[in-house]
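So the chains spell out like this:
Protein chains: 2
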Amino acid sequence: MGLDDIARKPHERLTAHLAGDMARVNALIRERMASEHAPRIPEVTAHLVEAGGKRLRPMLTLAAARLCGYEGEDHIRLAATVEFIHTATLLHDDVVDASAQRRGRPTANLLWDNKSSVLVGDYLFSRSFQLMVETGSLRVLDILSRASATIAEGEVLQLTASQDLRTDEAVYLKVIRGKTAALFSAATEVGGVIAGAPEAQIRALATYGDALGMAFQIVDDLLDYDGSSSVIGKDVGDDFRDRKLTLPVIKAVALASAEEMAFWRRVIEKGDQRDGDFGRALAIMDRHGTLEATRQDALGWAAKAKAALARLPSHELGEMLADLAGYVVARVS
Amino acid sequence: MGLDDIARKPHERLTAHLAGDMARVNALIRERMASEHAPRIPEVTAHLVEAGGKRLRPMLTLAAARLCGYEGEDHIRLAATVEFIHTATLLHDDVVDASAQRRGRPTANLLWDNKSSVLVGDYLFSRSFQLMVETGSLRVLDILSRASATIAEGEVLQLTASQDLRTDEAVYLKVIRGKTAALFSAATEVGGVIAGAPEAQIRALATYGDALGMAFQIVDDLLDYDGSSSVIGKDVGDDFRDRKLTLPVIKAVALASAEEMAFWRRVIEKGDQRDGDFGRALAIMDRHGTLEATRQDALGWAAKAKAALARLPSHELGEMLADLAGYVVARVS
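First to last, the protein sequences are chains A and B.
Last residue of the first sequence? That's 333 in our numbering, and every number before it is there in order.
Last residue of the second sequence? That's 333 in our numbering, and every number before it is there in order.
Next comes chain A alone, as it looks inside the complex (with noise of 0.2 Å):
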């Protein structure tokens, strides 16, 4: 490995590595998201995948498959499958949340409307769907339909318990496996299904995958309010005006005094929110170490992750796997 490689970050050594499969994978993805009726729909689509996104999701897939001796070319269709399944919940979210950027651009709804959002999300989501049946495989087919009910109802979840005091640690862990754990772990799953790799196997493949993304949303969300450190655009505090009950605000709510229990109905429950407000739910937290508790939590879903990688094949695409787990971490180490 050349000082170069030793540079690059864990994702870029996948994509270098992957990179033939990935040139397959994004062909794929503009040949099937095509529409020859409604042109509408490869504008939309084009809009977010073209938009630079890590391709993390595909590149999961296409690991895990190869990690496992893979030599066929299904790998490829579930790679696409599984980043549409991933553009169209973007789509979706961005209708649910009203967003108006996404990865530093505007999002779909804004540059068209709700309606080609919501429509265009069915549509990927009809695509994947076919692209997975080609596979021929009804073990993948259970996996990703069990992975979309999962993500539907994280979502759901989520809409009813943001902003209610009473969403506990067991609630935050279904939504996040929803909103991400649940996709990267089907993801390396199908990846070592469609391989034949042995039970084994396919289990820790799929362990990773839900520990990655446990750490990556649970990092995602301390940063919001810790984002010092942070490598990443989004602005700190944005949760909090959202009234969103994340990790380090739950861990709060469990251990506040009267006087705080207060504070969080006002800014989360009733969404009155003042100047300083920010500042002394950071306070708040910083005395009872939510955000260090919340870290820790973060780095043992990392630590979870590497350690099922211990149940798989010595491979050098194993290593890049393990440092991708440290390096989703390394944003809050």
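I should point out that these hints are in silico values taken from the structure, not numbers from a laboratory.
A virtual CB, placed ideally from N, CA and C, is assigned to each residue, including glycine.
Be aware that one or more of the hints could be misleading.
Computed far set for chain B versus chain A, every beta-carbon distance over 12 Å [what the hints assert, rightly or not]:
1) A23
2) R146
3) T160
4) V236
5) D286
If you only want the chain B side, here are some residues facing chain A, beta carbon under 10 Å, derived [said to hold, decoys possible]:
6) A38
7) L119
8) F129
9) Q201
Now the stretches of chain B that chain A is said to cover, found in silico as 3 or more residues with beta-carbon under 8 Å [as the list claims (entries may be wrong)]:
10) 59 to 65
11) 133 to 144
Knowing the structure of chain A, use the given hints to seat chain B on it.
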């Protein structure tokens, strides 16, 4: 057949004939729309599913399977699948159309919010997908995933084609195939597939469903301009006010004089509608006979549906399906 039976409408006779199967479909729908974690899901879904729709689409699946002699269990799953897909599209349609009422009741997006309608629709779509995977039939999955893509594509096409006077009959037919006929056709086709019917019969069932759906939607669009004999509760003139380009207007635009074209541009493209414009639109359509021509098209599709049934085994369900095709156009006969 007693007098009571003769007096009944065809869909009521089908309902009575398939009552045992349909009770099991309803039980399965209730079971699968439940969500342990997100009670909002069954709330929203029950509002729609229990709203007393005619369950026409699942009935088509049950009838097709039984007509082909099916004695298994999977037609119940597939009928529930089809109803879930239909309900998911209704939820998303109401968001896209910003509707306030459906089947005489407030829509889910009005009672809850657009967010719930988008996400619960996604949940139902995922659940439908899980249900069909349980049948273990890749052919069924192929048919239903293709139908889902056609539905979504048709909806996007409708979005971009509406208010555009260049929309011709070919585009209109694609839109209504997506909007209505694709799911009707898939509903009947999978009934035949699951029953292991010969290819010619499966094709006949698909053709019946498609033609029935086309007739159904054309009649619906016609009644919006000529609802004197209407038995439905829909208000005449809704499509005109919403500037939707449906078949009676498309035919009138194709035959328009320069003066009429200016009228259509003003009321449809520009949306500048004044008192008396709906009456003027009716007079123009009457002059060119486009309501009658639209009626003839609907009758043609109903005849095609009936003709397809001739290629199926002789069965009392076949007679009921033929009556159903007649009933659909009886509203304009």
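Hints versus structure:
Interface exclusion of A23 of chain B from chain A stands, the closest Cβ pair being 25 Å apart, more than 12 Å. Not every Cβ of chain A is farther than 12 Å from the Cβ of R146 of chain B; the closest lies at roughly 6 Å, contradicting the non-interface assignment. Not every CB of chain A is more than 12 Å from the CB of T160 of chain B (nearest about 5 Å), against its label as outside the interface. For V236 of chain B, the requirement that its beta carbon stay farther than 12 Å from each beta carbon of chain A is met, with the minimum near 25 Å.
With 12 Å as the threshold on Cβ separation, the claim that D286 of chain B sits away from chain A holds: the shortest Cβ distance comes to roughly 32 Å. Using the Cβ-Cβ criterion of 10 Å, the hint placing A38 of chain B at the interface with chain A is satisfied: the shortest such distance is roughly 4 Å. Because the smallest distance between the Cβ of L119 of chain B and any Cβ of chain A comes to about 5 Å, under 10 Å, the interface hint for this residue holds. The beta carbon of F129 of chain B is positioned within 10 Å of a beta carbon in chain A (closest approach about 4 Å), and the interface hint is therefore held.
Evaluation of the Q201 of chain B hint against chain A yields a violated restraint, the C-beta minimum of about 23 Å exceeding 10 Å. For the segment 59 to 65 of chain B, the assignment as covered by chain A is violated, since 0 residues bring a beta-carbon within under 8 Å of that chain's beta-carbons and 3 are needed. Check on the segment 133 to 144 of chain B: 5 of its residues sit with their Cβ under 8 Å from a Cβ of chain A, so the three-residue criterion for coverage holds.
Figure legend: structure checked against the earlier numbered hints; hints not met, in rising order: 2, 3, 9, 10.
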